[in-house]
Each structure stands twice: as C-alpha cells, then as structure tokens.
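Novice: Each chain is listed here by its residues.
Number of protein chains: 2
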Amino acid sequence: MRRTIGAAILSALVAVTTMSLINSSQTSAQPKEAPRKVLRHVVLFKFKEGTSKEQVKAIEMAFGGLPSKIDTIRDFEWGTDVSPEGKSKGFTHCFFVTFADEKGRDVYLPHAAHKDFVKLVGPQVEDVCVVDYWTQK
Amino acid sequence: MRRTIGAAILSALVAVTTMSLINSSQTSAQPKEAPRKVLRHVVLFKFKEGTSKEQVKAIEMAFGGLPSKIDTIRDFEWGTDVSPEGKSKGFTHCFFVTFADEKGRDVYLPHAAHKDFVKLVGPQVEDVCVVDYWTQK
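In order, the protein sequence lines correspond to chains L and V. Heads up: the first sequence is residues 90 to 226, going by my numbering. Heads up: the second sequence is residues 90 to 226, going by my numbering.
One chain only, chain L, in its complex shape (with noise of 0.2 Å):
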C-alpha cells in the first residue's frame, strides 16, 4: 500500500513538473518561434546649426511624449548617432517607432499630437530621412 502511494506521489510530482518545463520552454522560446512581423518607421534628424542644446532636448521629449498620445505606436526608442564610421550624413538623431500594421502608422501620420511634433520640429530641422519597413529576419 505505501509503495502504491510512494508510486502515485512521484507520479503526479513528474507529470507536475513535467508540465511546468513544458509551460516554462513555451514561454521563453515564443518569441523566437512565431516572429510577428511588424512595421517599422524610422526617423533621422540633421539639425540647423543654430538649434540650440534646448531646442534639440524640447524635440526629443516631445517625441518621447508620442507613444502615450498614440496607443497604435507598439513601441518606440530612440538614440543620437555614436557610430564611428563617418557615414551619418550629419543625421545626429534616430528615433524607431514600431507599429503593428500600416492602420497602425496611418492613425499616427495624421494625429493631431504628430501634427503638432512637426510643427515644432520642422523650423529646426536641415534635413530628414524617414524609411518604414516590414520586418524581415
């Protein structure tokens, strides 16, 4: 009797965690499984050489501010250029927007806090590079 119940103890405890590493694998490789393709828009910035260190800082916080106006923006980061090769042409800013789809991207082009992003960044702005791709490993 206490062997049959040793037996069904270490049973359940293997079909337990059997499941759970099951489970646990699932979770950590999904991403790597089923990469869901996403559109991105990428957005380089030169600015005029009289933008002042302010003006520069006010563009960067007011397009950080987008994702929590837009909620079809899926996710957003941006940086300034650090790359050692020469080849920036003067681009010092790049910000990377991911949207799920182009509905995504089309609610954000025209929305009144994306207007108003460009109206602000415009005047300072010598040149501007934006490339929007479909994600593709």
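The hints are simulated quantities; they were obtained by calculation from the structure and are not laboratory data. Careful: at least some of the hints might be erroneous.
The list treats identical chains as interchangeable, and a pair is accepted whether it falls inside one copy or across any two copies.
Heads up, simulated DSS-like pairs for lysine-lysine below, C-alpha to C-alpha not over 30 Å straight-line [unchecked claim]:
1. Lys-176 x Lys-226
2. Lys-226 x Lys-137
3. Lys-135 x Lys-192
4. Lys-146 x Lys-208
5. Lys-142 x Lys-178
6. Lys-208 x Lys-142
7. Lys-126 x Lys-158
8. Lys-176 x Lys-126
9. Lys-137 x Lys-176
10. Lys-135 x Lys-226
11. Lys-135 x Lys-158
12. Lys-208 x Lys-178
13. Lys-192 x Lys-204
14. Lys-192 x Lys-176
15. Lys-142 x Lys-126
16. Lys-126 x Lys-137
17. Lys-208 x Lys-176
18. Lys-126 x Lys-226
19. Lys-178 x Lys-226
20. Lys-178 x Lys-204
Treat the numbers as computed from the prediction; the structure is a model and nothing was measured.
Since the structure of chain L is provided, determine the placement of chain V on it from the hints.
Specialist: Positioned in the frame of chain L, the structure of chain V alone reads:
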C-alpha cells in the same frame, strides 16, 4: 494515514504548481522590468540604377548571413522601404543590427565576413547612411 498521504500529495502539487507559476511570470516579465540598453547599428542603402534584382537579392542574402558568422550580432532584421511620406532620400533598404555594446560592434566592423560583405555591396550602392545609437525609451 490516507488523509495524511492525501494531504502530502496535495501539498506537493501546490508547491510545484506555485514554483511553476513563479518561474513562468519571471520569464515573461523580464524584458519589461529590465530593459537593458543596447547598441543599434542602422544601415541604409540606395542602389545604383543599373543594379539588377539578382544583385540586390544577393546583397540582402549576404547581409542576412552575417549574424551566423559574427557572434557579437545580438539581433538582426531588415526590410525594404514602404513609407508613404516620400522622405526616404532614395534609400530602399534598411538593415538593423544590434550589439550588446561597442565591443560587439568593434568585433563586427573589421571582421573578415563584414569586410567581404562591404566588398560585395560597395560597387552596387550609390549612397549609404549609417547611424549607431544607444537605445533610450
């Protein structure tokens, strides 16, 4: 006796299930809780007018082969421009490479596999833009 053993089984099951849930939540929450800064390497290409589809395809494949040859590439994706804004400055391709840090990039840039790639792509591109940035949110 039966009750005691039954309670022991139940207790063991609860403990293992709880551990499983804790593990699972740690796995899925980790990226949001600790967004580590990484170094992005953004490369835009504009190909010469005479570049054939086959040549472009070969370049896409060759860039896509670098992550398997240079182990400091932490992430890689690419895509072709689909922006409706008309501000791509003729750049049709964006390759987006991620390194953990400058050391990772400094292994990549002079790496034989990267140099071979540069030799392949060099004659076909009319314009190149490279911006590297540390991720900020």
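Novice: Hint by hint, say whether it matches the structure.
Specialist: Consistency of the hints with the structure:
1. Lys-176 x Lys-226: both (24 Å within a copy, 24 Å between copies)
2. Lys-226 x Lys-137: between (36 Å within a copy, 24 Å between copies)
3. Lys-135 x Lys-192: Classified as both; 28 Å inside a copy, 27 Å across copies.
4. Lys-146 x Lys-208: For Lys-146 and Lys-208, only the intra-copy Cα distance (15 Å) is at most 30 Å; the inter-copy one is 39 Å.
5. Lys-142 x Lys-178: both (20 Å within a copy, 26 Å between copies)
6. Lys-208 x Lys-142: within (18 Å within a copy, 39 Å between copies)
7. Lys-126 x Lys-158: For Lys-126 and Lys-158, the Cα distance is within 30 Å both inside one copy (24 Å) and across copies (24 Å).
8. Lys-176 x Lys-126: So Lys-176 and Lys-126 pass the 30 Å test inside a copy (28 Å) and across (23 Å) alike.
9. Lys-137 x Lys-176: both (18 Å within a copy, 18 Å between copies)
10. Lys-135 x Lys-226: both (29 Å within a copy, 20 Å between copies)
11. Lys-135 x Lys-158: within (25 Å within a copy, 34 Å between copies)
12. Lys-208 x Lys-178: Classified as both: same-chain Cα gap 23 Å, cross-chain 21 Å, threshold 30 Å.
13. Lys-192 x Lys-204: within (17 Å within a copy, 39 Å between copies)
14. Lys-192 x Lys-176: between (33 Å within a copy, 19 Å between copies)
15. Lys-142 x Lys-126: Answer is between: at 23 Å across copies they meet the 30 Å cutoff, but 37 Å inside does not.
16. Lys-126 x Lys-137: Intra 35 Å, inter 28 Å, cutoff 30 Å: inter-copy only.
17. Lys-208 x Lys-176: both (28 Å within a copy, 16 Å between copies)
18. Lys-126 x Lys-226: Both ways: Lys-126 and Lys-226 sit 9 Å apart in one copy and 21 Å across, limit 30 Å.
19. Lys-178 x Lys-226: both (26 Å within a copy, 24 Å between copies)
20. Lys-178 x Lys-204: Answer is both: 26 Å inside a copy and 21 Å across each meet the 30 Å cutoff.
Checked against the numbered hints given earlier, the structure satisfies every one of them.
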